[in-house]
Amino acid sequence: MSDHHHKETFITKYIFSTDHKMIAKQFLITGMFMAIIGMLMSAIFRVQLANPGEYSILYELLPGGWLNEDGGLNPDKYLALVTMHGTILVFWVLTAGLSGTFANFLIPLQIGARDMASGFINMLSYWFFFIATVVLLSSLFVESGPASGGWTIYPPLSALPQAIPGSGTGMTLWLYSITLFVVGSLLGGLNYIVTILNLRTKGMSMQRLPLTVWALLITAILGVLSFPVLLSCGLLLLFDRSFGTSFYLSDIIINGEALHNVGGSPILFEHLFWFLGHPEVYIILLPALGIVSEVIAVNSRKPIFGYKAMVGALLLIAFLSFIVWGHHMFMTGMNPFLGSVFTFTTLLIAIPSAVKVFNYLATLWRANIRFTPAMLFAIGTVSAFITGGLTGLILGDSALDINVHDTYFVVGHFHIVMGLSAIYGMFAGVYHWFPKMYGKMMNKTLGYVHFWGTFICAYGVFFPMHFLGLAGLPRRYYTNSSFPMFDGLADINEIITFFALAGAIVQAIFIFNFFYSIFKGTKTTANPWKSNTLEWTTPIERIHGNWPGELPVVTRWAYDYSKPGMDEDFVMQNVPLKEGEEEH
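First residue of the sequence shown? That's 3 in our numbering, and the numbers climb one at a time after it.
Read the hints as simulated data drawn from the structure, not as lab findings. Predicted model, so just to flag it, every value in this text is computed and none were measured. For each residue, glycine too, the CB sits at the ideal point set by N, CA and C. Warning: the hint list may mix true and false statements.
As the list claims (entries may be wrong) - In the BS3-like style, the derived pairs of lysine-lysine whose C-alpha atoms are separated by at most 27 Å in a straight line are:
#: 1; residue 1: Lys27; residue 2: Lys522
#: 2; residue 1: Lys522; residue 2: Lys310
#: 3; residue 1: Lys532; residue 2: Lys580
#: 4; residue 1: Lys442; residue 2: Lys27
#: 5; residue 1: Lys27; residue 2: Lys532
#: 6; residue 1: Lys204; residue 2: Lys565
#: 7; residue 1: Lys9; residue 2: Lys580
#: 8; residue 1: Lys525; residue 2: Lys446
#: 9; residue 1: Lys442; residue 2: Lys532
#: 10; residue 1: Lys9; residue 2: Lys525
#: 11; residue 1: Lys27; residue 2: Lys446
#: 12; residue 1: Lys310; residue 2: Lys580
#: 13; residue 1: Lys27; residue 2: Lys525
#: 14; residue 1: Lys204; residue 2: Lys580
#: 15; residue 1: Lys27; residue 2: Lys15
Unchecked claim - DEER-style ranges, computed between Cβ atoms:
#: 16; residue 1: Ile507; residue 2: Pro566; range: 27 to 35 Å
#: 17; residue 1: Phe485; residue 2: Gly246; range: 34 to 42 Å
#: 18; residue 1: Pro486; residue 2: Pro230; range: 42 to 50 Å
#: 19; residue 1: Ala473; residue 2: Pro230; range: 38 to 46 Å
#: 20; residue 1: Thr154; residue 2: Gly582; range: 55 to 63 Å
#: 21; residue 1: Arg478; residue 2: Phe132; range: 34 to 42 Å
#: 22; residue 1: Asp489; residue 2: Phe132; range: 44 to 52 Å
#: 23; residue 1: Ile507; residue 2: Ser140; range: 22 to 30 Å
#: 24; residue 1: Asp569; residue 2: Ser342; range: 53 to 61 Å
#: 25; residue 1: Arg116; residue 2: Gly265; range: 51 to 59 Å
#: 26; residue 1: Phe241; residue 2: His586; range: 50 to 58 Å
Take the sequences, apply the hints, and build the full model.
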């Protein structure tokens, strides 16, 4: 197959590639680029919160017109930064960057397929994502500024172009880009599902799939079921903005003028948005948990504990994620009985989450652990998942949520449970599969420095936020200096900003390590981690079709580590069973 492949030009190899491995790298590099932009935005607004209204050297990065006369940040541009930071990190980095990279890279390699079901649709999914990226970034440079309604873009703020500067052209561009983004996600997701269901190699039954592939399959199904709801939600908002409809608007007076809109409800928007928004949390989390399952098993030199329970937990989380969205809306005046129903389903989701955590801990228990950078990040994912999940118990309870709703407590909670867990999982995946992606090894020492720096700084940022929230500090405020009751909290904001800036600097170590290793790293061996899954049976140099000659035949599950009676502490999935050997 590989010998007769037509000669690749630069354009067919690096730009309009249909090879899943190259498309994965395109997603990864684009995601990293957007992560840097999102991180710089957070650094800028953290500086504003620590020193309200003062000039900072970081503001030189901003487009013209974003500063006031004193050189401080414009209040409406602060909101724009918070909005764009949330949008970029949630959708561009943790959804596309994580799923796009690892679903594309791992699915064909781990199921023994030549490529995705449709290379062309796969290429389209990246290019829709790329165009969405360009549209989103272009909104930073329109005169009235980018979208400024918070990343959840609640109407009427987002539905009335005359409401604030950020409700104008920037908001329209935001809606266009999210539409393109959803199209790309759906094309990718359908492709992943079809590939896993139809293109598994001989012997690769569903019970023998690595947990990474299970997680990516369930993530894709979640995306295909929930992203269309976000699309309809955004389209109705476009109608309200441009065509005078009243889906989300009713009885509004703005600038002394009464609008003609009647009969709409902004609560409808919240229902539609969070019906995507909650499965979205698991669209972000599950690929990270899948990566962690693989990395922890490989580096513990033990079979993953409770394989069937892990798959069952993934399926249960996916199901429950569709019936908990109301916990984002306890303060909308919903019927208390409905609130108690959502509280119940929300607390139920703790059960499969706990199953996963205990199975990870049981895999690590008395294991022969190798602390590679990937393993540290995998354990960090489990740590963040636990600490972030505990505060979720408070927010998921409709009575307890009242006190901390829309405060920094919420910000601290979801950044740890969703942001950190997923970003650590992403780092674990990059460190672990980098040799497969680029044929080189990343520097281990820099990896350790990156891990500990990130781990300490991240908790330094998000842990204190819980105390701010318990003190009643609202989120998304440009400054807290107008309220005497919050004067005592200024020091905490300075501490958070210190750790945020330090954490941003630490990421430079990773970026250097990543690009330096691509060109100058030590060459890798065929199977550097002594791992069982099929991707390590492929040649080191990238070829179209993944395997020269025949596809591997699978005879066992992916987790035969330290199996008694074997010559080595790992047995690859394509090694036939010995005489008298029982399959797991």
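Verification of the hints:
A hinted pair counts as satisfied when its Cα atoms are at most 27 Å apart, and Lys27 with Lys522 qualifies at roughly 18 Å. Of the pairs offered as hints, the one joining Lys522 and Lys310 is violated, with about 41 Å between alpha carbons and a cut-off of 27 Å exceeded. Restraint check for Lys532 and Lys580: the C-alpha separation of about 20 Å stays at or below 27 Å, so the hint holds. For the hint pairing Lys442 with Lys27, the CA-to-CA distance comes to about 14 Å; that is within 27 Å, so the pair holds.
Between Lys27 and Lys532, the direct Cα distance comes to roughly 23 Å. Compliance with the 27 Å bound is thereby established for this hinted pair. At most 27 Å may separate the alpha-carbon atoms for a hinted pair to count; Lys204 and Lys565 meet this at roughly 23 Å. Between Lys9 and Lys580, the direct Cα distance comes to roughly 42 Å. Violation of the 27 Å bound is thereby established for this hinted pair. A hinted pair counts as satisfied when its Cα atoms are at most 27 Å apart, and Lys525 with Lys446 qualifies at roughly 14 Å.
Of the supplied pair hints, the one linking Lys442 and Lys532 holds, its CA atoms being roughly 16 Å apart against a limit of 27 Å. This hinted pair checks out: Lys9 and Lys525 have alpha carbons roughly 25 Å apart, not beyond 27 Å. A distance of roughly 21 Å separates the Cα atoms of Lys27 and Lys446; the hinted pair therefore holds under the 27 Å criterion. This hinted pair checks out: Lys310 and Lys580 have alpha carbons roughly 24 Å apart, not beyond 27 Å.
Simply put, Lys27 and Lys525 have alpha-carbon atoms about 19 Å apart, close enough for the 27 Å limit, and the pair holds. For the suggested pair Lys204 and Lys580, the alpha carbons sit about 19 Å apart, so the restraint of at most 27 Å is met. Of the supplied pair hints, the one linking Lys27 and Lys15 holds, its CA atoms being roughly 12 Å apart against a limit of 27 Å. Remark: the range hint 27 to 35 Å for Ile507 to Pro566 is contradicted by a beta-carbon distance near 48 Å.
At about 39 Å, the beta-carbon gap between Phe485 and Gly246 stays in the expected band of 34 to 42 Å. A hinted range of 42 to 50 Å for the beta carbons of Pro486 and Pro230 is consistent with their spacing of about 48 Å. Separated by about 40 Å at the C-beta atoms, Ala473 and Pro230 satisfy the suggested range of 38 to 46 Å. Separation of Thr154 from Gly582 is about 59 Å and conforms to the stated range, judged on CB atoms against 55 to 63 Å.
A hinted range of 34 to 42 Å for the beta carbons of Arg478 and Phe132 is inconsistent with their spacing of about 30 Å. At about 46 Å, the beta-carbon gap between Asp489 and Phe132 stays in the expected band of 44 to 52 Å. Between Ile507 and Ser140 the beta carbon distance is about 28 Å. The supplied range of 22 to 30 Å therefore holds. Distance hint check: the CB atoms of Asp569 and Ser342 are about 58 Å apart, consistent with the given range 53 to 61 Å.
Restraint check, Arg116 to Gly265: a C-beta distance of roughly 54 Å satisfies the suggested window 51 to 59 Å. Look at Phe241 against His586: about 55 Å separates their beta carbons, and that is inside 50 to 58 Å.
Checked against the numbered hints above, the structure violates hints 2, 7, 16, 21; every other hint is satisfied.
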